[in-house]
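Protein chains in written order, with UniProt numbering: chain A, 1 to 435; chain B, 1 to 435; chain C, 1 to 435; chain D, 1 to 435.
Since the hints were derived computationally from the structure, they do not count as laboratory data. Some hints could be false.
Note that identical chains are pooled: a pair holds if it fits in a single copy or bridges any two copies.
Unchecked claim - Below, a list of computed lysine to aspartate or glutamate pairs in the DMTMM-like style, where the Cα atoms sit at most 20 Å apart:
1. LYS336 / GLU68
2. LYS376 / GLU82
3. LYS367 / GLU87
4. LYS135 / ASP416
5. LYS422 / GLU199
6. LYS376 / GLU66
7. LYS135 / GLU255
8. LYS70 / GLU373
9. LYS376 / GLU87
10. LYS403 / GLU391
11. LYS70 / GLU372
12. LYS376 / GLU68
13. LYS70 / GLU255
Quantities reported herein were computed from a predicted structural model and do not represent experimental measurements.
Residue strings, one per chain:
Number of protein chains: 4
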Amino acid sequence: MIPRYTRPEMAAIWEPLTRFKIWFEIEAHAADAQAAIGVIPKEAAEAIWKGGKDAAFDVARIDEIEREVKHDVIAFLTHLAEFVGPESRFVHQGMTSSDVLDTCFNVQLVRAADILIADIDRVLAALKKRAFEHKLTPSIGRSHGIHAEPVTFGLKLAYAYAEFSRARERMVAARKEVATCAISGSVGTFAHIDPRVEEHVAKSMGLTLEPISTQVIPRDRAAMYFSTLAVIASSVERLAVEIRHLQRTEVLEAEEYFSEGQKGSSSMPHKRNPVLTENLSGLARMVRAYSLPALENVVLWHERDISHSSAERMLAPDATVTLDFMLNRLAGVIEKLVIYPDNMRANLDKLGGLIHSQRMLTALTQKGCSREESYKLVQRNAMPVWRGEGEFQTLLKNDEGVKKYMTDAEIAEQFDLDYHFKHVDTIFERVFGEK
Amino acid sequence: MIPRYTRPEMAAIWEPLTRFKIWFEIEAHAADAQAAIGVIPKEAAEAIWKGGKDAAFDVARIDEIEREVKHDVIAFLTHLAEFVGPESRFVHQGMTSSDVLDTCFNVQLVRAADILIADIDRVLAALKKRAFEHKLTPSIGRSHGIHAEPVTFGLKLAYAYAEFSRARERMVAARKEVATCAISGSVGTFAHIDPRVEEHVAKSMGLTLEPISTQVIPRDRAAMYFSTLAVIASSVERLAVEIRHLQRTEVLEAEEYFSEGQKGSSSMPHKRNPVLTENLSGLARMVRAYSLPALENVVLWHERDISHSSAERMLAPDATVTLDFMLNRLAGVIEKLVIYPDNMRANLDKLGGLIHSQRMLTALTQKGCSREESYKLVQRNAMPVWRGEGEFQTLLKNDEGVKKYMTDAEIAEQFDLDYHFKHVDTIFERVFGEK
Amino acid sequence: MIPRYTRPEMAAIWEPLTRFKIWFEIEAHAADAQAAIGVIPKEAAEAIWKGGKDAAFDVARIDEIEREVKHDVIAFLTHLAEFVGPESRFVHQGMTSSDVLDTCFNVQLVRAADILIADIDRVLAALKKRAFEHKLTPSIGRSHGIHAEPVTFGLKLAYAYAEFSRARERMVAARKEVATCAISGSVGTFAHIDPRVEEHVAKSMGLTLEPISTQVIPRDRAAMYFSTLAVIASSVERLAVEIRHLQRTEVLEAEEYFSEGQKGSSSMPHKRNPVLTENLSGLARMVRAYSLPALENVVLWHERDISHSSAERMLAPDATVTLDFMLNRLAGVIEKLVIYPDNMRANLDKLGGLIHSQRMLTALTQKGCSREESYKLVQRNAMPVWRGEGEFQTLLKNDEGVKKYMTDAEIAEQFDLDYHFKHVDTIFERVFGEK
Amino acid sequence: MIPRYTRPEMAAIWEPLTRFKIWFEIEAHAADAQAAIGVIPKEAAEAIWKGGKDAAFDVARIDEIEREVKHDVIAFLTHLAEFVGPESRFVHQGMTSSDVLDTCFNVQLVRAADILIADIDRVLAALKKRAFEHKLTPSIGRSHGIHAEPVTFGLKLAYAYAEFSRARERMVAARKEVATCAISGSVGTFAHIDPRVEEHVAKSMGLTLEPISTQVIPRDRAAMYFSTLAVIASSVERLAVEIRHLQRTEVLEAEEYFSEGQKGSSSMPHKRNPVLTENLSGLARMVRAYSLPALENVVLWHERDISHSSAERMLAPDATVTLDFMLNRLAGVIEKLVIYPDNMRANLDKLGGLIHSQRMLTALTQKGCSREESYKLVQRNAMPVWRGEGEFQTLLKNDEGVKKYMTDAEIAEQFDLDYHFKHVDTIFERVFGEK
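If we strip away everything but chain A, and leave its shape as in the complex, we get (with noise of 0.2 Å):
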């Protein structure tokens, strides 16, 4: 989490004050449960309320107080309680400091979940429009990296918006995965706290209950949701891979824009370089990483051990903003995407009419050519055009073999492009519910 990949609105969620709130709405609600079931008194609960729901924490303060107690809890409490008094007697009881911690934990992550969500629906709305504005512009499919048959810039942005769908059903998922609440006291097991407690916070804070916890609110909740932001980060990057190979001075089918003040390089004035996205394909590098302390998490000691707390101080708040980061900079790339339908054109002329080998070859066989007989026809034509040696369309005309099964003019249909997009309505029907 550093300020150059940081936006505020996600980092607000991780910095200390926004936790102390949290924790004290958690114990307030608490306090709240517990007067009503008649453990602590009405007025106590009232003036926890009072005493701390306006308060201004001092962070200083606390970390301070904490140095010298050493537990980051009762740091909080001891502060709470100046602005508290004597009620503050009150607070926290029956609780184990986890219940705070976790609960707290998991609402951050589901608020994080939530700016995850609002992401996701950015770049799919970008995809959205760009692939409707090009959902015709004919563009050389390639696989391997090698011309392989014609598709529409409007599909290629089309796959993303599938991919990115999947990818907002999976956060969903995983904000649900972590949207609960634990208020179990020591070893979980409620000796110390009614489950009542439990499920007035839980429903006061729109959390589900944690069915059972062991002091903790177990790790693979929160493995499960750092794996999903690892998806989708890769999910980023392929993405982000698909415009850097498009910028390649011999593709230059899209562009990144390039804002006017903006140096490509230091010494190579000319040069408009896909940073943007090479800056994605890094990060996600770092999104996929922190999934994995977040794995080895799950394997605590007994009812628990804190091992998880430290690694999670680290990649909770990295995860989350550069996953943030990603997602707003990679719909800024899609909606300002510079596209160059004409050189995609002369992309897709290259090969000499190559590309339409296939719909060649298919034809061949209905002619009642044998498979393995029409593939060495269009590979005899074929590698010559490859070598430089000729255009495919006359040389298939001129052959012998292919002329057996195929009149010229049958030979010419085989390269007609459209022939290629009488599908593309079915296929956005089908991704965007709408042709």
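Model the placement of chains B, C and D on the given structure of chain A, informed by the hints.
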């Protein structure tokens, strides 16, 4: 995937013959659809089924052809033609290799998921049975490896049951992620094949439509699948580590079943080592690792590159076979786990009553003592006990500070074990739906 | 890199101002070399040093320029010109940004390595001191968490000393890997800059020549560096886990130092948790994770892409700062570790003599009993002891099978503890070079 | 480790029979040493060699015994006794299983390292040969995928040569890391076996002494080894990706060799896909992943646990076999790489001279124009060329601003290609030690 850690049922999914049979089914269903819409003769489709359905595919022969043509699907189709005869020219029309390869890969992943779900069910059944057996067997709960407060051994297994219930849900979701079919031809445009063929094959194979494929099925699906396996493997390790801890010489609250002829050590015959669960720890590391290439595989170039293929040939069998083995080994360990309630009780009593300090703390605050003061009172009596200088209850009863708030009887009440188990029913109800 | 786990000295390496000062040095040394070979006037080189050497670079101002030109090195050079004046046109001649960026990055990694090596030395010193203190303190050795045979506590620390000696060697090697300088201009051909400039800068900055750079310094060097950090972090975790185990309630052979005001738990005041070493376990997961993006960064496109940059901006500070923190925390834990020889002795005696079974086994075979038979004899007496039904030595003396080979005195001799420590001197000599 | 990506020589190292033979050698050498110091009769040592040296160990028989005793070393020793006869009771005296297992594992890793070093040598030889062939073949250097300035194709291969030279050094270091022997008995104290036995076995097996083992050889050594493999695999991928890029349709500067019968695609017969190098990209992901469990394996409990074993049984063969395959495949690709100098030249000219902009920039500043002003002059002429509106040299000659500093002849001089290659000899000298 080594024999030692492989169960035959899962391994069978990844055998060449299985793959070829699935390939055949995909091709034959596609031929049916092509016949239905009039692209190929109905007789051709029939001939394909007739020739291939019970064909004894010869893996060595296919390998031999592949060595020449260096293309696996072409090698298979050439071999298939040997069974189908001249009508084989109608096989694979309009399709591309990936239509067969990727749809087959998903069928394999779906079958693997089905086995894994059944495996999890076995783990769940074992956990439930043993949890109810030991629902009220007292045991010490530990945080940081340090005695905390009492739990029951049944609760320990209930934690795991809840975690594996989540594992099951995740596995069901992962199965759904990969249960898609793509028959869309080169670069996925359906230029050479009607989308109705895909619909028919999908339905016949029990899959859903891939909304948009780019010749390949997008690998974010597989990334999610293998990430899910990594999370589940980590949950297996958590339980394995719990058992390894419980079997420690100093703890010895449970032990892996030790069969008659088994030798624990070549040099120390008294040793009974938790080798099965140690083994699970090691294997969990592998399954976690396999998720990484699956994440990197998402980032294919343009419409497709084939870099994912080599990685998947290794990781897909390895990850599914290993997790299948792990879940079954874990189930066996739980089913036959030797449990020592007497040792649990002895461990519970080990700290001279210190584990009841939290109760004392709460009791004092409820009697009107401030939280800070209560903490000090409890701590100053706890420390000597910790050093082996006295018994906690006795010291408390002799403490002038404590006496100001509590009678001897009230103190004694805090040392009652059943107090901790009053909500075990509630928790069991939540976890198992019964108590 | 969060304040909680950050030491200022290491963090300073990664501050913007440090980076700008290194950039300046590289530029100024390059100017010297350019002047020496007559490419720029000697006065220009002098003016550059004069203007920049003690310049108070304004980070905010550079950031402001960068926001406009979107290029960090150009922003810096523009700011530098404000100090140097018109002679600044001679700065950076023939160079490319990466010459500055990558050489600077390596300088930072070298400095970080120097701190890490000093950190390891602190760990080594602590281990050596405590190892000699407890060179002959008897302690049980454990395999699989099960009591095996006696060791000394000094040996346990000696194991760690040997491991950190290797860590030191690896760190020295990693430092060498990255101690290179590249001043080779665009795409690394020296077209615009004489190789003698690189030679001068390298020498002046204490670096060696990068034999061939491609505008960037190849990232396999950094990959090796961060992989080395990952291995060392794992060694830290190994020792941390040892201490966590030793501090378990049932074991309690050692404890982290617990300061006066410190509170172990908000609810259980008697608890003294191994939170420092648990914390190290968590941080080790992070440092391991950071090695992954460093590995992926190796695979840059053609002569260079900039995808590595975003990842390195995050992982390089995070990995070095975190490992620096870990090593220092570990050293502190070892220096102040509270060691309980009495508890070690009590644990040694816990198994009723079973830990001597291996000696009995060897003694029997040396008396002519077959290995298989000896194994059976030992095992049949060990099993009852394991079940708490008797004491090993006594049972052996009453076993008719054993009596055939050994007298009571010979059996008793096998239970002598010092027997196990006769080679401790040899081992200490090997590990520490002294005994 | 699947047949498709496995070379027999490396696979042989990991076969059960190889393992048993190494086990035998360790046991027999240990027996020699035991006889030499008088622990066992000389005749016994001789009998062991005699019985075991050329014994036809029966893997199936050993497996059968293991299924009963559930211990691999005991199973082997039982089988060995069938060859050695009654003297077999002197085998393994004072040793523990890990003495055999871990020393054997290291022998296997050393042998694997030797093969990998030979593999790297083959890669180096191929790179050197092709580099000298194309030492002065002009080719465009690319940063960010965008044309930068000229390089030679020989330089591209020289970069790789330097990287694989480092790979070789790292592999030699990794080999040294694991070339240790431990024969120290239970928990590593030498209680039951004289250190001279270890010395003899180490010397006989070509290993060094493990200074201190804890029954197991510490796993930081293996972690370093497998991390090194991960770095090397990433270097393989870097070169693989370079070739994949060069083979792109729009670039086509080099191509993997395409054998006669080979078919590129089942549907597009003209396609020649870089499938070998794509395959290397995928396999690199696997080898990187295998380093992670090796890192986690470092953290064993106390003197040893066996969690590393299951992971190593999988990852050690998989990582070494896969990297061996990769290096050989890479060498083959380089040896037979089809290189297209004409296409390189055409690509060089693609940008209308823009690639010489850096030279113009330098020339202008050398003529007294400020860096900022020069940058503007160059950029305003570069941008139209970029848009296809003119040729760079011509535009510059017509620019009034430029004219103030340079004549037409001086401008023309900046477009000379050889200017860029004047230091190729220097670089070759550095990299290859010859030019």
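So which hints don't hold here, by number, going up?
none
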